[in-house]
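Peer 1: Going down the list, the sequences are from chains A and B. Under UniProt numbering, the first residue of the first sequence carries the number 1, and numbering increases by one thereafter. Under UniProt numbering, the first residue of the second sequence carries the number 1, and numbering increases by one thereafter.
Just so you know, these hints were derived from the structure itself, not from any lab. Take the hints with a grain of salt, since some may be wrong.
Identical copies go unnamed one by one, so any copy, or any two together, can satisfy a pair.
Stated by the list, open to error - DMTMM-like, lysine to aspartate or glutamate: derived pairs with alpha carbons at most 25 Å apart:
#	residue 1	residue 2
1	Lys255	Asp265
2	Lys108	Glu287
3	Lys55	Asp179
4	Lys255	Asp37
5	Lys255	Asp36
6	Lys249	Glu117
7	Lys249	Asp116
8	Lys255	Asp116
9	Lys108	Asp29
10	Lys255	Glu181
11	Lys249	Asp235
Number of protein chains: 2
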Amino acid sequence: MSSAPNPHLPTQLGQSLAWVGAGIDQLFDELLAVPDDSRARLIQAMRHAAIGGGKRLRPLLVCASGDLFGVSRAASLQAGLAVECIHVHSLIHDDLPCMDDDDLRRGKPTVHVAFDESTAILAGDSLLALAFEILAGASIHPIADVCAELVRDLAFAAGASGMAGGQMLDLLDDDGPSDIEAIARLQRLKTGALIAWCVEAGAILGGATAEQRTSLRGYAQNLGLAFQIADDLLDEDGDPATVGKRLRKDAGRGKETFVSLLGKDRARQQAEMLVDQAIDHLRSFGESSSLLAEIARFSIDRDR
Amino acid sequence: MSSAPNPHLPTQLGQSLAWVGAGIDQLFDELLAVPDDSRARLIQAMRHAAIGGGKRLRPLLVCASGDLFGVSRAASLQAGLAVECIHVHSLIHDDLPCMDDDDLRRGKPTVHVAFDESTAILAGDSLLALAFEILAGASIHPIADVCAELVRDLAFAAGASGMAGGQMLDLLDDDGPSDIEAIARLQRLKTGALIAWCVEAGAILGGATAEQRTSLRGYAQNLGLAFQIADDLLDEDGDPATVGKRLRKDAGRGKETFVSLLGKDRARQQAEMLVDQAIDHLRSFGESSSLLAEIARFSIDRDR
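With the rest of the complex left out, here is chain A:
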């Protein structure tokens, strides 16, 4: 369970992961109450994908960024819930047979296996819509303009110029050649845009200055890339039972990754360098950014 404290983590990070994990599960549980009619199947599919498991890294990033500016944890958690809806939406759709065709996710059967394809598509669609309902509905906005900015940026990060565009590239790249630049570009769209939004959201909610936002953007860009390299390393060396999904897929498809192109050692070094650079961007925030720094280290030092 994501909410179980891990004794190997720094106390602050371990506590925050546990708090955010439990909070997100509870909010999903309340929001996705199963109705007493035929829509029950749809809500159950959403619950299956959304509740339990998952590192909740994205909501944690919103909280850690918001902490810098005194944003209430309740407000950050709502924004984090919205971005987690989008993340889970993308997992459900990416796992579909016509996409990556995965049958295991977070240690459970994927939604189209546990239910069926049409239910999986509708559950993903519903979670995407729910993200915006949460973001616009929650009383988390110190000023109303903030809502428009958060919604617009999150929609951009989720759509054709962000996550969905990245997944399109990923599917097309199945047969094409790849170099480091192309893989980095794909990653910036497919996972980077959403991670950047998380860090940005805390800054927007907290009324950060333009300079502070630039620093945080630098942090997020480096973090996103490091996170992806760590994912590629886990795909090579991870334990499927711990990671909770099918591994060694990229190699099976003859698909280039950071690891296949750089080799494990250089990929690992590259990820460590990126984490150092990410933390460098936090310097102006001093001690208050220690949780963000711990998250960056954790991003490449995890077993799932």
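Model the placement of chain B on the given structure of chain A, informed by the hints.
Peer 2: For chain B alone, coordinates are given in the frame of chain A:
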């Protein structure tokens, strides 16, 4: 083409349909400029589904409702573009093989036929996200609170408690028994929620009173039901070349509809009664609501 004037329509309605149709096509064309990289395929799939064809009834409803309160047509058209994105998203996903398995839509091959299934899923996802980017990004909001209300309500209408929930019921009902109440309930979710949002959006943008909004809600409820009955009648009697999609599907599946349960004559009478009731709700608005009244009549008197 949706923008071609139809000589059989009242002048006001014909002109408005043509204006809205041309405006929506032009905005989509600008917004969905094809990039010079591999995302081109995704944007082209979105263009294929979004541009050309379609009655643009939903954007027209936003405009006609906004007209009552002096909302600028530019602002109404932006909100209309957002809801049209959601509508097109739902058509792409509903047409997929695992859903209704349709190969013709608006007289063209459906997106998964013209491209492939994964591209269709991503194009639908991207259009759903785009709706909220438009709604939150456009400078259409007289006051910022309006953005939050429009976004929240549209997300609700698109998700598990609205359109997606309705499609789930529709898929499950393939094998179950149905009565008029169950069909009306399904329609309220599947198509009614989005139609209600359109009429509501004009009122929200125009700062309507609670009383005015109640009247418009009554109009929208009756209109939505009448529209669906007209769709069922078209499915029985329409010309596939004109309607632009495969017809007689419901009968082929042994699926109950308003028409199968009531018979054509009573269904037609019921639709006419609903249109009269819809127009009744407009009484307090006087002459300024004549376009909304014409839309209600058109909703059951169309050949596609």
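Peer 1: Does each hint hold? Answer for all of them.
Peer 2: Each hint tested on the structure:
In this homomeric assembly, Lys255 and Asp265 come within 25 Å of each other (Cα to Cα) only inside a single copy, at 19 Å, whereas the closest approach across copies is 60 Å. In this homomeric assembly, Lys108 and Glu287 never come within 25 Å of each other (Cα to Cα): the closest approach is 39 Å inside a single copy and 60 Å across copies. In the homo-oligomer, the alpha carbons of Lys55 and Asp179 never lie at most 25 Å apart, since the shortest distance is 29 Å inside one protomer and 45 Å across protomers. Taking the shortest Cα distances, Lys255 and Asp37 sit within 25 Å of each other only across copies (19 Å), while inside one copy they are farther apart (44 Å).
In this assembly of identical chains, the alpha carbons of Lys255 and Asp36 lie at most 25 Å apart only when taken from different copies (23 Å versus 45 Å within one copy). Within a single copy, Lys249 and Glu117 get their C-alpha atoms as close as 21 Å, and across copies as close as 21 Å, so both meet the 25 Å cut-off. In this assembly of identical chains, Lys249 and Asp116 lie within 25 Å of each other by CA distance both inside one copy and across copies; the values are 23 Å within and 22 Å between. For the identical chains of this complex, Lys255 and Asp116 are inter-copy neighbours only, at 21 Å across copies versus 28 Å inside a copy, given an alpha-carbon limit of 25 Å.
When the C-alpha separation of Lys108 and Asp29 is checked against a cutoff of 25 Å, the pair qualifies only within one copy, where the shortest distance is 18 Å, while the shortest distance between copies is 42 Å. For the homomeric pair Lys255 and Glu181, the shortest alpha-carbon distance inside one copy (15 Å) is at most 25 Å, but the shortest distance between copies (53 Å) is not. For the identical chains of this complex, Lys249 and Asp235 are intra-copy neighbours only, at 7 Å inside a copy versus 45 Å across copies, given an alpha-carbon limit of 25 Å.
Comparing the model with each earlier hint shows violations of hints 2 and 3; every other hint is respected.
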